[in-house]
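Chains as they are written, first to last, in the numbering used here: chain C, 38 to 263; chain W, 530 to 775; chain G, 242 to 545.
These aren't lab readings, by the way, just hints derived from the structure by calculation. Incorrect hints may have been included.
[Said to hold, decoys possible] Derived list of chain G stretches under chain W, where covered just means 3 residues or more per stretch with a C-beta under 8 Å from a C-beta of chain W:
#	stretch
1	248-261
2	271-283
3	376-388
4	532-539
This one's a predicted model, so the numbers in the text were calculated from it and none came from an experiment. Cβ atoms here follow ideal geometry from the backbone N, Cα and C, with glycine treated the same way.
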Amino acid sequence: MANEARKIVIPSQMLGETKTMKAGRGTFVDQGKIYAERLGILSIQGNVIHVLPLKGRYDPVVGDFVIGVVEEAATSNWMVDINAPYPALLHVNEVPWEIDFADTEKYLNTGDAILAKVLSVDESKKLQITLNDRNLFKIKGGHIIEVESSVVPRIIGKKGSMIALIKKYTRCRIFVGQNGRIWIDGDAEGIALVQQAITKIENEAVTFGLTDRIEELLKKDAKDVR
Amino acid sequence: MMKSDIKLINSEGKRLDGRGPEDLRKIKIESGVLHRADGSCYLEWGGNKIYAAVYGPREAVPRHCQNPLRAIVQARYNMAAFSVEDRKRPGPDRRSVEISKVISEALERVILTEQFPRATVDVNIEVLAAEAGTRCAGLTAAGVALVDAGIPMRDIPVACAAGKIEDQIVLDLGKLEDNLGQADLPIAISPRTGEVLLLQMDGHLTHDEFNKAFDLAVRGCHIVSDVQKQAIMHKYQSVVAAEVQE
Amino acid sequence: MTITPAIKKDYITKLAEQGKRVDGRTFDQYRPIEIETGIVKQAEGSARVKIGNTQLVVGIKMGVGEPFPDTPDCGVLSTAAEFVPLASPDFESGPPREDAIELARVVDRGVRESEVVDIKKLVMTQGEKVWLVFIDIHILDYDGNLFDAASLGALAALMTTKIPILRLLGPGGLEKSDLEAWFNTTKIQDIYDLYSMPGFDEYVAGNNKELFKDVKPIALPMTEPPISCTAIKINDYVMFDASLDEETIADVRLTVATDHKGDLRAMQKGLSGSFSKEEIQKVINGALVNGQEIRKQLYAKIGK
């Protein structure tokens, strides 16, 4: 009943050779050998070697749902922090409201949180996001916490199983941004329990059997399960 | 203090702290020790105690500092006022500025900066206790902090010094050896390829002595590199060990 | 600058209305405190203090020099704080800004005005030669409540400081006559015992360095320390030991230093809000209780 961890690799670790394998994400090639470029988890899919990062800033992908925090309102756009190496630009044309010139502050101001989608990433990594979608909105109420963006897949779980489990036992509304920001809404005990579960997932992201242990934790302090 | 009073290395090859000519001082490394930083490291090397923290990649400001094609790497080496026997006035002095520069340049070579145009990777090294070899210890700690921050790199940089005391080439000079010795050669390498990232020498070495000292320092770097890697892996292995006990 | 989302601020306030805090603490509760002393051998005294995730190191360096012209009969105390960029994404490199200066001055006054270090006992020759004590605060990880962490660190470092007599003795530095003069002003027996030891004159001349290696170190002359406790107010809710997020939305802050007798030794209000008289009483009472607890922990650590 060995509880092994997933295989953790570090930069410069040799993972394979281009003779037989292909270099995927998180790797680089030097003289026919494939190396890890980051601290991460080894993932071999077919003949492609990937390294899934364990840590690091969020790397925006077009189409990702992200939770952003407005940094400043300019005359025809807002600059939004999405936990990436760069702030994202939200143009007035990319919001569902009709905005009079220089009235941007009336709609979104410094400190406001939004659920947005990544619209574009250009070659110099200039980022744009959009609110133009009925699934996107300005967030009101609740609480926001931050985790490593690399842990997001584990918090969501296979086919959403982990996040569904947490919602079930805590009776909270939860939205997990791909960028590692998580919005939680519910009563104080529920929110605290969600935070506990998420912290545990973050600390034990590399292990197997996590779903069972999280369920145990949630059951201990849970309300009546719906 | 009379120079002739102190014998740095005796007839049996034992140095003042009991080390042999090719022995490193004791090194302890811990990764991920600070909460605000994106990546961090605490390192003890002999009497040195050093913290390194990485913030980034983040947008470089002001705009005119930005490189449109790659990230810039800004290392800042700083010594606490109480880190040395004679209190050091807080703030950067010329020595700290120079060390910051050579460390920035060394790190720039291994970080995959092309992945982050217009950004900066900020590396902060704080020396809380200093006992010779702080730039090597600082760069070594920075290497671990960079990995901990998830910065993409082609290798984990590591540094070590060799020197000459009483006509013998020795590894990893201690404080008195640095003060009274004949030469000091700190180097940093990319352990995977052997590329030299940092090289400074002061003192007097024959060409032959340099070769010996260089090779010795490289050997030292490889030993320290293993300690770095163990420290990084240890953080995750202890999670597994704890989980097995549950 | 890192922006705290408005939602988070609202949540903290909402919880406060229910008598709760985000990390589950009560309003009067401190995060876990860790104290470690003697961590920097190069310093005369040092301490690392953690309060929750906030972490800093305080180092004490000493020297010999001239007193301030307006206090010729006192030793010199000087406090500085470095908000190094290592400790927060919002700290920039450069000379100390107003936060660092305020912190240094508050810690300095806490030590000076409370006379916890008896600087009158740091005089060798009035107006000419006195002991200099430098307190340097080095922030490592900023997550709120630097005031209490720094004050505690300064105390722990000062209370475990060893005066570097032997290091400074010798031609060009301290002389036997300085020690004699120092003994005359302080009557500290250990000083007399030190320079009366056989072989002392040879030591001062630069020989016989080995002889005094194991001699008992002389500590700074100190009195019972007052402990600083800082509370903030969010709307009408007063809470102790604010985390970073709580500090960001605090309207006002009050630090109260209390001593072992339950007397008040220092107070400092900060930020632009205000306190009612009842709220000040709340803070004083909380400071008395927490001060006692922290004092116990400090004494246990330094072996008192």
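Verification of the hints:
{"no.": "1", "hint": "248-261", "verdict": "violated (count 0)"}
{"no.": "2", "hint": "271-283", "verdict": "holds (count 4)"}
{"no.": "3", "hint": "376-388", "verdict": "holds (count 6)"}
{"no.": "4", "hint": "532-539", "verdict": "violated (count 0)"}
Of the numbered hints stated above, those contradicted by the structure are hints 1 and 4, listed in ascending order.
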